[in-house]
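**Student:** Residue numbers (numbering that gives the first Met the number 0), protein chains in the order written: chain A, 0 to 219; chain B, 0 to 222.
FYI, nobody ran anything at the bench for these hints, they're computed from the structure.
Worth double-checking, as some hints may not be accurate.
Computed footprint of chain A on chain B; a stretch qualifies when at least three of its residues, placed anywhere within it, have a C-beta under 8 Å from a C-beta of chain A [what the hints assert, rightly or not]:
1) 100–111
2) 130–137
3) 154–163
4) 172–186
5) 204–212
SDA-like mimics (lysine to any residue), calculated; alpha carbons at most 20 Å apart, straight line [stated by the list, open to error]:
6) A/K106 with B/D161
7) A/K106 with B/G160
8) A/K106 with A/V69
The beta carbon of each residue, even a glycine, is placed where N, CA and C say it ideally should be.
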Amino acid sequence: MRAYWQHRFIDVRWLSLLLVLLAGGLLGFAALKLVRGADGSTGVHVTDSRITFPSVPRLAEASDAIVVAVLKGERKESVFEPAAQDSQHGDTRVDVVRQFDPIRAIKGDRGPGSIEVRWTASGHYELSPGNFDDEQYDPLSLKVGQTYVLFLVKANDPATAPYWGLAGEPGIAELRNDDLYFKTTAGYRGELAQHGVSLGRAEAPAAFDVNIDMVAAAAR
Amino acid sequence: MADTKNPRRVGRCSLPLPSLSSKSGRPSARAMLTAWICGIVFGGLALEMAGASNVFAYDDYDRECHQPYAGGSNYFYPYYTNDGLNPPGTLYQSSFDAARLDWNNTPTPVWFVSAVQPNWAFGAKFLGLNGKAGLTQYTCGGSGGAMNTAHVWENRTYMDGDSVFHKQAVASHEIGHLLGLGHSYYTAIMGYNDGSFNGTLSDDWCGINHIYPNSLYSPQCGY
């Protein structure tokens, strides 16, 4: 009887070893998945192309509106995009919709009152029936009550009302003592590092170390 | 203490086989710790191997997915289906046509073959305000791991309001991804673009000739 239980005890220990090994593997897998971002859920490989700007004048030129505004709050909104040919297989994305109270317009007519600005946080994109990929985007961490300079483009998407969004990267900066401190995604900064481009005082190249007067001059 | 006389090794990780167990026949704390660390490493390596890519001047994202379609001995023939219905009646179709012709005219073995392939399309759709001008999706389920499904998308969210010139630039860029190119460090359709050109340049050709070696074309890249 004792030998039986001793045998079972040893089995349990080996089982626990196996479980530890599996748990370790899952942890490693999950950790790298977290670092890399979740994609390829069904074996779909993805490459994408970031919209970037080399300087403030180029960013200002590409922006439909440039606004200085205070962040009041944000919410998430799910958007369904029907496919053009087959509405059964449309895409779904989640946008972060942020409300700003403008305090100064530098370029463009952004309309009266507060302004809503979208940034897509994730997307479920169909490749073909049964084949899709789930993309996670850096939502950019912003602070309620902080003043930002927004470089905006107007998008006309039939799935939603026309809305404002960031022109690309860098596309938003904290305003502190008239100086801009750009906020960018980890992916953008990673590409800069890969290209040997060092950052300036914030999360963008030194060419973006500007003040608000320089932005206004570039927008003229 | 663990018996470490004859550990079986894979790389630097000792697999927790019986030789690592204690005399009592149960795994020791050290064996448990080794198993934990190895599990993490192997789990990570498995993912790395699944998504590995080498970085060149022109990155090659296509390492684990073989060339889309090779129909001849000297030329490289990827399928080309201009999904003109997606969206209908827009300038994306002509942009993709121009981009495809530009790639065909490069000193590379690339020659796009027009074919009606539902899983092989160039088009445009609303991908959201994600800061991306385009997206290329593909799967590697063909014979020998070949690319068997591919869609090249322009992001209408940004590109609808942009010029035909820039639409073609994005189309050429995304087609470069389809062919296996990543982003270049140099002035190229796959790299830095100040907006003054919308077609391929020598660095792009070098990348293609590097990925698809061909006796007729030499990469001739000094880097």
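**Student:** Are the hints correct? Go through all of them and say.
**Tutor:** Quick rundown of the hints versus the structure:
1. Under the rule that three or more residues need a Cβ within less than 8 Å of chain A, the assignment of the stretch 100–111 of chain B is violated, with 0 such residues.
2. Counting residues of the stretch 130–137 of chain B whose CB falls under 8 Å from any CB of chain A gives 8; the rule of at least 3 is met.
3. Beta-carbon proximity to chain A at under 8 Å applies to 5 residues in the stretch 154–163 of chain B; the threshold of 3 is reached and the given coverage holds.
4. A stretch counts as covered by a chain when three or more of its residues have a beta carbon under 8 Å from one of that chain; for the stretch 172–186 of chain B and chain A the count is 6, and the coverage holds.
5. With 0 residues bearing a CB less than 8 Å from a CB of chain A, the stretch 204–212 of chain B misses the requirement of three and the coverage assertion fails.
6. Distance restraint check for A/K106 and B/D161: the Cα-Cα separation of roughly 18 Å lies within the 20 Å cut-off, and the hinted pair is therefore satisfied.
7. A distance of roughly 18 Å separates the Cα atoms of A/K106 and B/G160; the hinted pair therefore holds under the 20 Å criterion.
8. Restraint check for A/K106 and A/V69: the C-alpha separation of about 17 Å stays at or below 20 Å, so the hint holds.
Consistency with the previously given hints fails for numbers 1, 5, ordered from lowest to highest.
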